[in-house]
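J.: Sequence order for the protein chains is A and B. In our numbering, each number is its position in the first sequence, counted from 1, plus 83. In our numbering, each number is its position in the second sequence, counted from 1, plus 658.
One should not assume that every hint holds.
Claimed, not checked - Taking CB as the label site, the calculated pair distances span:
no. : chain 1 : residue 1 : chain 2 : residue 2 : range
1   : B       : P706      : A       : S209      : 39 to 49 Å
2   : A       : L156      : B       : L705      : 24 to 34 Å
3   : B       : R707      : A       : P193      : 44 to 54 Å
4   : B       : P710      : A       : K89       : 53 to 63 Å
5   : B       : D852      : A       : L260      : 27 to 37 Å
6   : A       : T258      : B       : L673      : 13 to 23 Å
7   : B       : P706      : A       : S255      : 55 to 65 Å
8   : B       : Y683      : A       : L134      : 48 to 58 Å
9   : A       : I87       : B       : V844      : 23 to 33 Å
10  : A       : T126      : B       : T781      : 47 to 57 Å
11  : B       : P746      : A       : K89       : 50 to 60 Å
12  : A       : I105      : B       : V842      : 43 to 53 Å
As the list claims (entries may be wrong) - Over 12 Å on every C-beta distance to chain B, these chain A residues come out as not near it, computed from the model:
no. : residue
13  : K89
14  : S110
15  : S141
16  : F143
17  : V148
18  : A150
19  : T152
20  : L156
21  : F157
22  : R162
23  : N174
24  : L217
25  : L225
26  : H235
27  : V242
28  : L244
Stated by the list, open to error - Chain B is faced by these chain A residues, among others (derived, beta-carbon under 10 Å):
no. : residue
29  : A144
30  : P145
31  : D165
32  : L216
33  : A254
In case anyone wonders, no lab produced these hints; they're calculated from the structure. Think of the CB as a built atom: it goes at the ideal place given N, C-alpha and C, for glycine as much as any other residue.
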Amino acid sequence: MKNISKLLIVFLVPVVLLLPRIDAIFSATMPRKALAEPFLLLTAGWALSRLSLSRHISAFAPSAVVAATLLFLFWMIPRSIDLTQIYLGTNVLYVLSFFATGFLLSRYLPLLPGVARTAFALYFSSMLVALGLLYSSQSTLLCSAFTLEDQHAFGWMLVALGLAAYLLVLASVTTWLVPPAGSR
Amino acid sequence: MTPTKRVIGLLVCLLAAASGAGLVYAWTLGLSAFTSYSYALNKAGPLPRAAPDISFVDQFGNERRLASLRGRHVLVHVFYGTCLTVCPIVIEELREVYSDLPTAQRRKLMILSISVDSVSDTTERLLDLWREEGAFEGWIMAQPADTSIDRVTKEFGIWVFPKADGTINHSADLFLIDPSGRIVRVFPAQANNDRLGRELEKYL
C-alpha cells in the first residue's frame, strides 16, 4: 500500500509538469525547460526504478543505456526543444522521454561492468560540457523559443554541471583504484 | 547469462544505436540542420531555386506580386516594426549598404522587407518606417497580401516563432533573387556591412 502511494506520487511528476500552468512556468526560460525540468523527470524516473518490482534482464543493460543516452541527446538538439514549445504532443514526448531516461539509467547502468560504467559516466559528463560550450559560445539564437541570454545561461549551467560530474567520476575512480593504506 | 542471451542483448543494443542514430540523422536533415532556422532553410531546397510568386501590399497600399519585380535583383527578408533586437540592426545594415551603392547599381537592386506582424505593421506604419529609412524608391516595405505569412515563410525557408510575450523570433537571412526570379544566394543575418556590399556588387 505504501509502495503504491509512492508510485502514484512518482507518476504524478510528469503529469503535473504537463499541466498548462506548470508548463508555462518551466517554459518561461531555457534553463528551466532544458535543465530543471529534465532534472526533475530524471529524478522521478530514478525513483520509479527504485519502487518498481518488475524483473530486469541484464542482457539488455547496454541497449537500455544506449537508448537512454540517445533520448537525452535528441532532446538537446535546439530544434527538438523548439518544437516542445509549439506542439503539445512533442512536449508530452519530451516529458516521457526524460522520465524513461531516468528509469532506464537508474535500472540498467548499475548492471554494467565497472569499467563500462566509468567510461559511460566520463563520456556523458564530457558530452554535457561540450553541449554547454556550444550553447554558451554561440552569438546567434539556437532555440527560437528562448532568448540569447537564456541560451548562454543554459550553456554555462551545463558546463558547470558537466565539469562537476566529470570531477566526481574522476574522484570516485581514483578512490576505487588507489588501494587502501596498509594494503599491498 | 547464456551465450544466446548475450547475442540477443548485443543485437538489441546495435539495433537501438542504429535506430537512434538514424532518427537523429533524419531529424537534422542529414546532420545539416540542428536549429529550426537551418531546418526551415534547408527544407525549402537547394540554391538556386525559383522564388515563390507571393503577393504583397506595399507601403502605399498597392497590391503587387513578386514576379512584377523581375528584371531587377531583389533582396528579400522578413522583419517586424516593434522588434527591438535583430530587425533594427538588419534594417540599418540594409539602409547603409543600399545608400552606399553607386546609383547605377542601386537601380538594379530592390529591397523587399516583408513584415511578419500583421497586427501592428499597418500600411501607415510601414510608410512611416520607409520614410525614416530614407524613402528609397527601390525599397518596398510590405505585408503579405494573400492568405498569410505562412506561404512566404515556408517557400522561402524562413522560420517564424511568435512568442507568448508578443515578440516574434524569426530567421533574419537575406534572400537574393536574380532578375529571372531565382533565389541565388542567402546571406546570413548580421553579416558585416562591407562584406554584404561587396558580395552584392558581384551580382549587380
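J.: Determine for every hint whether it applies to the structure shown.
T.: Structure-based check of each hint:
1. P706/B with S209/A: 39 to 49 Å: Given range 39 to 49 Å: holds, Cβ gap about 41 Å.
2. L156/A with L705/B: 24 to 34 Å: holds (30 Å)
3. R707/B with P193/A: 44 to 54 Å: holds (53 Å)
4. P710/B with K89/A: 53 to 63 Å: For P710/B and K89/A the Cβ distance comes to about 57 Å; the hint holds.
5. D852/B with L260/A: 27 to 37 Å: violated (57 Å)
6. T258/A with L673/B: 13 to 23 Å: violated (36 Å)
7. P706/B with S255/A: 55 to 65 Å: holds (57 Å)
8. Y683/B with L134/A: 48 to 58 Å: violated (36 Å)
9. I87/A with V844/B: 23 to 33 Å: violated (58 Å)
10. T126/A with T781/B: 47 to 57 Å: holds (54 Å)
11. P746/B with K89/A: 50 to 60 Å: Cβ of P746/B to Cβ of K89/A: about 54 Å, so the range 50 to 60 Å holds.
12. I105/A with V842/B: 43 to 53 Å: Because 48 Å falls inside the window, the suggested range holds.
13. K89: Given a closest Cβ separation of 29 Å, the condition holds.
14. S110: S110/A not clear of chain B: closest Cβ-Cβ about 8 Å, inside 12 Å.
15. S141: Non-interface label fails for S141/A: nearest chain B Cβ at 6 Å, not farther than 12 Å.
16. F143: violated (6 Å)
17. V148: Violated: least Cβ distance 9 Å, not greater than 12 Å.
18. A150: Nearest chain B Cβ is 5 Å from A150/A, so the label is violated.
19. T152: Non-interface label on T152/A violated, nearest chain B Cβ at 8 Å vs cutoff 12 Å.
20. L156: Contrary to the label, L156/A does not stay out of reach of chain B, its closest Cβ about 7 Å off (not over 12 Å).
21. F157: At roughly 6 Å from the nearest Cβ of chain B, F157/A sits no farther out than 12 Å, so the non-interface label is violated.
22. R162: It is violated; R162/A is separated from chain B by about 5 Å at its closest Cβ, not greater than 12 Å.
23. N174: Per Cβ check, N174/A is outside 12 Å of chain B; nearest 14 Å; holds.
24. L217: Its Cβ does come within 12 Å of chain B, the nearest being 9 Å, so this is violated.
25. L225: Violated, since 5 Å does not exceed 12 Å.
26. H235: holds (14 Å)
27. V242: Non-interface label on V242/A holds, nearest chain B Cβ at 19 Å vs cutoff 12 Å.
28. L244: L244/A is indeed farther than 12 Å from all Cβ atoms of chain B, at 21 Å.
29. A144: Interface hint status for A144/A: holds (8 Å vs cutoff 10 Å).
30. P145: Cβ of P145/A sits 4 Å from chain B, so the hint holds.
31. D165: holds (5 Å)
32. L216: violated (15 Å)
33. A254: Since the shortest Cβ distance to chain B is 29 Å, the answer is violated.
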